[in-house]
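Make the full structure from the sequences, and use the hints.
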Amino acid sequence: MKSTTNNLAVFGAEPVFDTIRSCSNLVRPDIETFLKYFVGSTRTDWRVYLEHKLSELHDTKYCVMFCNGLWALIHSIKATACAGKHEVIIPAMTYRRLDDAVAWTGFTPHFCDIDKKMLGVTVNTIAPCINEHTALILVPQPIVNVCDMSYLCHFAKHHNIPIIFDSVEVGFGQSNGKMVGGFGEAEVFSVHASKLLNGFEGGYVTTNNFRVYAALREIAEFEMHEAHIAMTLASLEDLSDQIGCNKTKYATYVKNLDMIPGITQVKYSEKQLRSFKSILVKLNELWPISREQTIDLMHKENMLVRPYYYPPLTWKKHSYAVVKEKAYLVADQITMEYLLLPSGECVSHRDVQDICELLLFIQEHGDEIKKRLESD
Amino acid sequence: MRLKKDSKVIETAFREIFSRQWYTNQGPMAQKLEVYMQETHGVKHAIAIANEKIARLIIERLDEAFSGDIYSTDHGAIVLTDNEQIANKIRNIRSSYGAPVKVNVPITGNGRMSEAQAVLILLEHHINHME
Chain S
1 MKSTTNNLAV
11 FGAEPVFDTI
21 RSCSNLVRPD
31 IETFLKYFVG
41 STRTDWRVYL
51 EHKLSELHDT
61 KYCVMFCNGL
71 WALIHSIKAT
81 ACAGKHEVII
91 PAMTYRRLDD
101 AVAWTGFTPH
111 FCDIDKKMLG
121 VTVNTIAPCI
131 NEHTALILVP
141 QPIVNVCDMS
151 YLCHFAKHHN
161 IPIIFDSVEV
171 GFGQSNGKMV
181 GGFGEAEVFS
191 VHASKLLNGF
201 EGGYVTTNNF
211 RVYAALREIA
221 EFEMHEAHIA
231 MTLASLEDLS
241 DQIGCNKTKY
251 ATYVKNLDMI
261 PGITQVKYSE
271 KQLRSFKSIL
281 VKLNELWPIS
291 REQTIDLMHK
301 ENMLVRPYYY
311 PPLTWKKHSY
321 AVVKEKAYLV
331 ADQITMEYLL
341 LPSGECVSHR
351 DVQDICELLL
361 FIQEHGDEIK
371 KRLESD
Chain X
1 MRLKKDSKVI
11 ETAFREIFSR
21 QWYTNQGPMA
31 QKLEVYMQET
41 HGVKHAIAIA
51 NEKIARLIIE
61 RLDEAFSGDI
71 YSTDHGAIVL
81 TDNEQIANKI
91 RNIRSSYGAP
101 VKVNVPITGN
111 GRMSEAQAVL
121 ILLEHHINHM
131 E
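Taken in order, these protein sequences are the chains called S and X. For what it's worth, our numbering labels the leading residue of the first sequence as 1, then goes sequentially. For what it's worth, our numbering labels the leading residue of the second sequence as 1, then goes sequentially.
Check the hints yourself; a few may be wrong.
Derived EDC-like pairs (lysine to aspartate or glutamate); straight-line CA-CA distance at most 16 Å [said to hold, decoys possible]:
1. K8(X) - E32(S)
2. K117(S) - E337(S)
3. K247(S) - E270(S)
4. K53(X) - E223(S)
5. K36(S) - E11(X)
6. K370(S) - E292(S)
7. K53(X) - E292(S)
8. K44(X) - E84(X)
Where chain X lies over chain S, by a calculated footprint (3+ residues, C-beta under 8 Å) [what the hints assert, rightly or not]:
9. 196–203
10. 240–246
Source of the hints: derived by calculation from the structure; they are not laboratory data. All C-beta atoms in this analysis are idealised placements derived from N, C-alpha and C, irrespective of residue type, glycine included.
Okay, structure coming up:
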């Protein structure tokens, strides 16, 4: 591995990896299983079958497939938001297109702050944004952590405001012992190749609300492509194996990162079901170089780390109306602190160890690295 | 013309996609499809989109008049235009990630065509996806 800073790719040496290790899941289902669903059968109702399987997975009554997660979300907003009101509360720090998703529907995004520990919304961060114009609360799950969904639903019900969850980053998991998928008026998931289930592209909505289900069922022209249905079914068959593999890699990260000062890993709950898909760390005050310098250095080593939901949506220039609060103390403070590390099918256990070794090297040689980066 | 689902050609194509892990969007097959459509229809720009409905919604969001056409199939749609500015805007609204030229657009979305969709359209036009 690296012995001096001269061995770092950012200073001209060979990278650790020949090919990119990314944060995208890119799980590979079995080709024969895919072909069985796509070409090996005369059955024409695989969509219905897939919706049934996903309803079972999430323990919900209904599931509706869409051509992708964004359009699943857009139609869920339309199906659930209060008529006659125009604001949808979303967090300042989240998936980069969430505000655009709201804008596609004609509603106005109203940004709320996030919680420092949850890294997503809580009742306390949403409450200041509730007003007479609030049509919907849209809660995207943070990465690794899962929101207190029961409490959020109780809060929404108390205010008589519908609530939906963008649970793409949970994929498969529990909140307070109940499967994610059945909370609120609806929950939205994605089966893009980078997500937990690989359908090439696609999305779905789960709900226990018949009215919402009927409204979504009526929507034509956004149906999931048959090849994507087959791919998702194949991916679903491997899900428990995938989660087992994810958990082992996660454990390797935990074991190695716990020994590196300056890095705090965001840990998965040990009491609730989780997919262990993503690896999220915080670079704290003991980390010797900035997050942006860390990203640049690791990219040169073909480790495609990514900042956590950066920049905040409140930093964007919008061409449509949005509502902002006076300040976003937490989002603005933590936006430069968190990093997603490589994970997924293309990252082996050996790769995880190499990534952790590099991070340890950066910690041990931080002053010299910082000096060289800033003088170049 | 819709390719028969039991075609050996489809099976071969997907074995190739799996072996190369071409799962993400706007990959080699979508790019090949766009080049083929540009040449076949005699236009400067062809932009592969997930389906016709999304193509029309994207065009509605352009902040200028659209000049061009939409070629639609069972597996997706391709927007055809000679206008470079419009083409770049459509690509950025379709998905700013992976758009070769970044331009300001009023909104972004997801209109990506998958490699699976692209290869099926190529095969329906009897294009050898690996040449």
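Each hint, compared with the structure:
Taking the CA atoms of K8(X) and E32(S), the gap is near 13 Å; set against the 16 Å cutoff, the hint holds. This hinted pair checks out: K117(S) and E337(S) have alpha carbons roughly 13 Å apart, not beyond 16 Å. Taking the CA atoms of K247(S) and E270(S), the gap is about 11 Å. The hint holds against a cut of 16 Å. For the hint pairing K53(X) with E223(S), the CA-to-CA distance comes to about 10 Å; that is within 16 Å, so the pair holds.
Using a Cα cut-off of 16 Å, the hinted pair K36(S) and E11(X) holds, with the two alpha carbons roughly 10 Å apart. Taking the CA atoms of K370(S) and E292(S), the gap is near 12 Å; set against the 16 Å cutoff, the hint holds. For a cut-off of 16 Å, the pair hint linking K53(X) to E292(S) is broken: about 39 Å separates their Cα positions. This hinted pair checks out: K44(X) and E84(X) have alpha carbons roughly 8 Å apart, not beyond 16 Å.
As drawn, the stretch 196–203 of chain S meets chain X at 3 residues by the rule of a beta-carbon pair under 8 Å; at three or more, the given contact holds. Counting residues of the stretch 240–246 of chain S whose C-beta sits closer than 8 Å to any C-beta of chain X gives 0, which falls short of three, so the coverage hint is violated.
Violation of the numbered hints given earlier is confined to hints 7 and 10; the remaining hints are satisfied by the structure.
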